[in-house]
Each structure stands twice: as C-alpha cells, then as structure tokens.
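Starting from the structure of chain A, add chain B where the hints point.
Chain by chain, the residues:
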Amino acid sequence: MITIDKMNGLLHVSVLSQSKKTKNKLLGKVLDSTLCSICHDYMYVPMMVACGHNYCYSCLSSWFTSNETQELSCPQCRANVTTAPALNTTLQQLLETLAEVSLDDTKKEKEGEDVNKDGSENNDDDEKSKIDMNTFYSSMEESKNEYNMDKRNENLFGKVFINSAMAVIDEDDDGIARCSNCHWELDPDFDETDGNVCPHCSTRIRNRVPESGYSRTTSDAIGGGQRRGGFDSDEYSEGELEELEQDLQRYHEASEQSIRELDTDNEGEEGSGGMSAEFDRRFPIPRQGRNFLHDDEAEESSNNGDDDDDDDDGDEAIRQRRRHIDMNQEVESDLDSFIADDDDEEQELDVEELDGLSDNDSKRNRMVLQESESERDSDYYEHNDDGYVSGDSLVDDQPDQEPQQQNKRQRRYKVILQGSDEDED
Amino acid sequence: MSSLPKRIIKETERLVSDPVPGITAEPHDDNLRYFEVTIEGPQQSPYENGVFDLELFLPDDYPMEAPKVRFLTKIYHPNIDRLGRICLDVLKTNWSPALQIRTVLLSIQALLASPNPNDPLANDVAEDWIKDESSAIDKAKQWTQLYAQPKK
Numbered sequence: 001m002i003t004i005d006k007m008n009g010l011l012h013v014s015v016l017s018q019s020k021k022t023k024n025k026l027l028g029k030v031l032d033s034t035l036c037s038i039c040h041d042y043m044y045v046p047m048m049v050a051c052g053h054n055y056c057y058s059c060l061s062s063w064f065t066s067n068e069t070q071e072l073s074c075p076q077c078r079a080n081v082t083t084a085p086a087l088n089t090t091l092q093q094l095l096e097t098l099a100e101v102s103l104d105d106t107k108k109e110k111e112g113e114d115v116n117k118d119g120s121e122n123n124d125d126d127e128k129s130k131i132d133m134n135t136f137y138s139s140m141e142e143s144k145n146e147y148n149m150d151k152r153n154e155n156l157f158g159k160v161f162i163n164s165a166m167a168v169i170d171e172d173d174d175g176i177a178r179c180s181n182c183h184w185e186l187d188p189d190f191d192e193t194d195g196n197v198c199p200h201c202s203t204r205i206r207n208r209v210p211e212s213g214y215s216r217t218t219s220d221a222i223g224g225g226q227r228r229g230g231f232d233s234d235e236y237s238e239g240e241l242e243e244l245e246q247d248l249q250r251y252h253e254a255s256e257q258s259i260r261e262l263d264t265d266n267e268g269e270e271g272s273g274g275m276s277a278e279f280d281r282r283f284p285i286p287r288q289g290r291n292f293l294h295d296d297e298a299e300e301s302s303n304n305g306d307d308d309d310d311d312d313d314g315d316e317a318i319r320q321r322r323r324h325i326d327m328n329q330e331v332e333s334d335l336d337s338f339i340a341d342d343d344d345e346e347q348e349l350d351v352e353e354l355d356g357l358s359d360n361d362s363k364r365n366r367m368v369l370q371e372s373e374s375e376r377d378s379d380y381y382e383h384n385d386d387g388y389v390s391g392d393s394l395v396d397d398q399p400d401q402e403p404q405q406q407n408k409r410q411r412r413y414k415v416i417l418q419g420s421d422e423d424e425d
Numbered sequence: 001m002s003s004l005p006k007r008i009i010k011e012t013e014r015l016v017s018d019p020v021p022g023i024t025a026e027p028h029d030d031n032l033r034y035f036e037v038t039i040e041g042p043q044q045s046p047y048e049n050g051v052f053d054l055e056l057f058l059p060d061d062y063p064m065e066a067p068k069v070r071f072l073t074k075i076y077h078p079n080i081d082r083l084g085r086i087c088l089d090v091l092k093t094n095w096s097p098a099l100q101i102r103t104v105l106l107s108i109q110a111l112l113a114s115p116n117p118n119d120p121l122a123n124d125v126a127e128d129w130i131k132d133e134s135s136a137i138d139k140a141k142q143w144t145q146l147y148a149q150p151k152k
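Sequences listed follow chains A and B, in order.
Residues in the first sequence are numbered consecutively from 1, following UniProt numbering.
Residues in the second sequence are numbered consecutively from 1, following UniProt numbering.
Certain hints may be false.
Said to hold, decoys possible - Quick list of in silico lysine to any residue cross-link-like pairs, SDA-like style, CA-CA up to 20 Å:
| id | chain 1 | residue 1 | chain 2 | residue 2 |
| --- | --- | --- | --- | --- |
| 1 | B | K10 | A | Q76 |
| 2 | B | K68 | A | C39 |
| 3 | B | K10 | A | L35 |
| 4 | B | K92 | A | Q70 |
| 5 | B | K74 | B | D128 |
| 6 | B | K6 | A | L31 |
| 7 | A | K159 | A | S66 |
| 8 | B | K6 | A | T83 |
| 9 | B | K6 | A | C39 |
| 10 | B | K151 | B | I23 |
| 11 | B | K131 | B | S45 |
| 12 | B | K10 | A | T135 |
| 13 | B | K10 | B | E40 |
| 14 | B | K74 | B | D30 |
| 15 | B | K10 | A | T34 |
| 16 | A | K23 | A | L94 |
| 17 | A | K25 | B | K68 |
| 18 | B | K68 | A | S143 |
| 19 | B | K92 | A | S62 |
| 20 | B | K92 | A | T69 |
| 21 | A | K159 | B | M64 |
| 22 | B | K92 | A | R208 |
| 23 | B | K6 | A | E146 |
| 24 | A | K151 | A | T83 |
| 25 | A | K23 | A | L10 |
| 26 | B | K6 | A | Y137 |
| 27 | B | K92 | A | E68 |
| 28 | B | K74 | B | D18 |
| 29 | B | K6 | A | S143 |
| 30 | A | K29 | A | Q18 |
| 31 | B | K92 | B | R70 |
| 32 | B | K6 | A | M140 |
| 33 | A | K151 | A | L87 |
| 34 | B | K6 | A | S33 |
| 35 | A | K144 | A | Q92 |
| 36 | B | K141 | B | Q109 |
| 37 | B | K141 | B | E40 |
| 38 | B | K10 | A | D32 |
| 39 | A | K23 | A | V13 |
| 40 | A | K159 | A | A86 |
Simulated from the structure, these hints should not be mistaken for lab results.
Excised from the complex, chain A in its bound form (with noise of 0.2 Å):
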C-alpha cells in the first residue's frame, strides 16, 4: 500500500513500515516539536537562540526585555545568548505543511461526505477542526506580521542586540573584563548589587560577566555588536579628539619656538650662560608635554631676574610683549595682519613710556603693566580669579582693542600654560 522511495533514507523505510499507533505517537511529539515552551502555543515564527532552542518570536522577545538588568538566556538550558537569534525556517516549514495537511484532509473528507457515509461520525470533530484552523491562520498571520514588521523597521527583539553591551577580556591588555561600550572594568560580582548594567555607562550587559582568565577575543564582541558607531559617552568626537592634537602639536611648536627666541633675547641682556642654559640645568631631559612647563619658567626666572628694580616695569613690561608677539606670530599664522598693526602700536607705546609709565593712566598701557605683573607672580592665576581662565571671557573682550587683544592672547597662552602646569603637579 505506502510505496517506498528507494531513494529515502532507512529512517524512512522504518518508520513508515510502523504500525498506525506508532506513527500517531510519533507525529504527536512531531507537533510537540512545534510548541513554545513559553507560551506552549505554535510557534509560528520560531526563533532558534545559539544553544539551539526555539522559541516564538515574540515570546523570547518580550523574555529578552522583561528585565532590563539581567543577562540574556535561554529559558530551557539558561545558556548565555550574546548573538541574536535566527529565524528557523525548518520549523516554520514543518509547521506550515502539518497545518496545510490537515486542512487538505478536512477539506476532501467535507467533499465525499456524500459519497463516504462512515464519516458521518466524525461530523462535529471536522466542524471543530475548521474552526481551529480558522483561528491557527489567523494567529499565524498575526505572528508574522509582527516579526516581518520588527524586522523592516530595525527592532528586532526590543532593539536588545543592538543597545546592549558585552563583557569582554582583553588577553593582550589586562585580562580584566569590561565593557564593550565604555571599556569600564567591570567587576564579576556586580550583578549581585545593580544587576548586569555596566557601573559607568548603565548599558545592560548581555553576558555573564567572566572570571579573569576565560577569554573572549575583543572580535567577538566587535562582531556581536558593531552597532556601536562612536563612544558616545566619550567626552570628544573623533574629530574634535584630532583638533585637539593638532592643537597640542601646535602649542608644542610655538613654545619650543618662543623659547629658542628668549635664548637669543635674553643673551643680550643678561649675557652669561642664556637662558636655555638655565632650562638644561632644570630639566636635564626635556620631556615631550613639559615643554609649556619651561616657558613658564623660563619667563618666571627672567623676570626674577629684574624684581629688584621696579623702575624698570614699564621697559620690562614692553620687552616682555614683544616677546609675546613673537610668540603669538607662531601660535597663530593668521595674525600676520596684526603683528604689522602692532608694531606700530609698540611705537607709541615707546612714546607714552617717555612721558612716565607711573602717571600714565592710559587704559592700554595699564593693561600691559597689569600683564607685567602678573609675569612675576607664578600664582597670580591660581590667586586671582578674575575670569579669564573661561574661554568665554575671552572672546566677550571688546577685539577692536588692537593690545587688548593682544593680552586677550597672550593670557590665553598664559592659562595654558598655568593648566599644563597644574597638570604636571
């Protein structure tokens, strides 16, 4: 009666050669198979997490976001899910034919009627089934549409695959576990206390987090989530990361140039040994970084020099910017039209030192005598909070004061410097 295909497997000579209550028994755990152990409905759309259990698409999605601080596992083996989990489609598949058998069987036992009156027995049974059919199409449906609908719009399983993190050791590193969002250690007890949400940037963590010594490469974790574009809750951008270098790099340059020309400035005037003479003696191995730090005390030192002699304040003053100028000639190329307009503006500087710096009560020239001043107290913008470390401040400064401007610069130099050197202690 049931001819073989030689072409079939063994299995399906065995088990089709089976006795009819076998093959019942069978093709129930068969249908079994299509059940969710969540819902213990079908699993219309199954999804098969890593370890290899299924679930409804919905039901492992809403096991997914039901706590947001816990780890993701499998509900049958508690098994750490990290990747998200695929559509079945042979489950799906085998779901879908069962179901169509059946209507098949419904719909042709409904046609002989008729002809076949012993199904009259089996009236109400077939009436049921339809109805069951009915509703199993439509909850089909239903399923689908929500997995389809989540899959078009990038929300799979509450987005949880994308907006979480892992725990991940770097062997090369440190073989401390940490967070893949924010490289934050992580400790393997915290979960006890705030459940498995990184401590610093409150992303949920996916995994368990390991013991030192169990290795997850850093790729296993770039591949379970390379959604995470930028570190966003890192401080600067990349971009604003590399003008800061530049600015560095720029800031490095300048200061080694400044120093170079108060070498040549101050060998004149102080003959003997120069200035970076001195520096060599105070720090034998100039370090990379440090560089700010010897202008600042090289200028400190220079004007030490002069404090016995207060007399000397205004020719100091006007020595020191000239100085300035040299310097911001090479932290800011762009100011070459300036430093033209302020040659002129140190002339008449020359002028009103002339008339007598101490009663002069011109605002320009009391500015530099203040900037003087400052020079020679090393703590002056430690002491003296006068606003000018914000960077707001500055630009509020009225920029048609052709010195102001140029004290405008010189201070911001002057507050790098001082940051730099706080930096160091």
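Structure of chain B alone, referenced to chain A:
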C-alpha cells in the same frame, strides 16, 4: 480582570488532568491566577507524612515573572521563614519562562527533601541546623506532627 493567557489555561487544565504525585494545585474560583496548593512532605525527610498548605499567585507578567509562592503551614526549615516565604533560586534570579507551576512546586518539594542551611532565609533555624543537625531534624518532625497534619 484581564483575559487569562492561553498558557495559564493550559497549565491549569493539565494540573487537574495530569496532577503531579504528592502535589495538588487548584485555582481559586474568584481569581484564576490564585492557586491553593498542597505539598506532601517527601519520604525520608523530616517532613514525611506532613501535608503543607501553600498559596501560589501568578503575577500579570507571568510567565516572564516567577509565580509568588508562600507556605501557609508553619514549617521548621532553614530556607523558609516564619512568614512562609521561600528562599529558592528559581523563584528569584533563576526564574525562566520555560518553568511552570508544576516544576516550581516540584522544586519546592525537592527543597523539603534537601534543606540548605548554608544559604538560609531563617537564620535562627539555619544556625540550629548547622550546630546540631539531629536535634534540628527532630524539631522539624515535631512541627510537622503539630502543624502539617492532613485535614480530615
């Protein structure tokens, strides 16, 4: 009351049609999420021959959230406190939606068979248990005799 999820209906049907040996669970007439439960004390345990009453409630998020279970009968057990609250991992952090009412009740029955004084909920009981296990077991037997006798 919101409509009962299909899963709860199915579970209830099966609890009645195919009950777990030594365990009964019947939904309350007024609230189908509230179950009256009895668990027989496991054989060869201090709770043998006792029948313990419990209450079980399925929260709105069930099965994403674990059922809430509590002993109503007084019991001397290091992992069950005076109020009948149970210290069991599957009811807390290790809950999984693949678990069911019947599996949870089986876990509780297993907890009666193997008390764990090293992870206590009732500290005083656990201390007694660690200090002098045989006298603690005797006390558990006494309490079972006193409080967990099957209703006639």
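Hints the structure violates: just list their numbers, smallest first. 8, 13, 14, 17, 18 and 28
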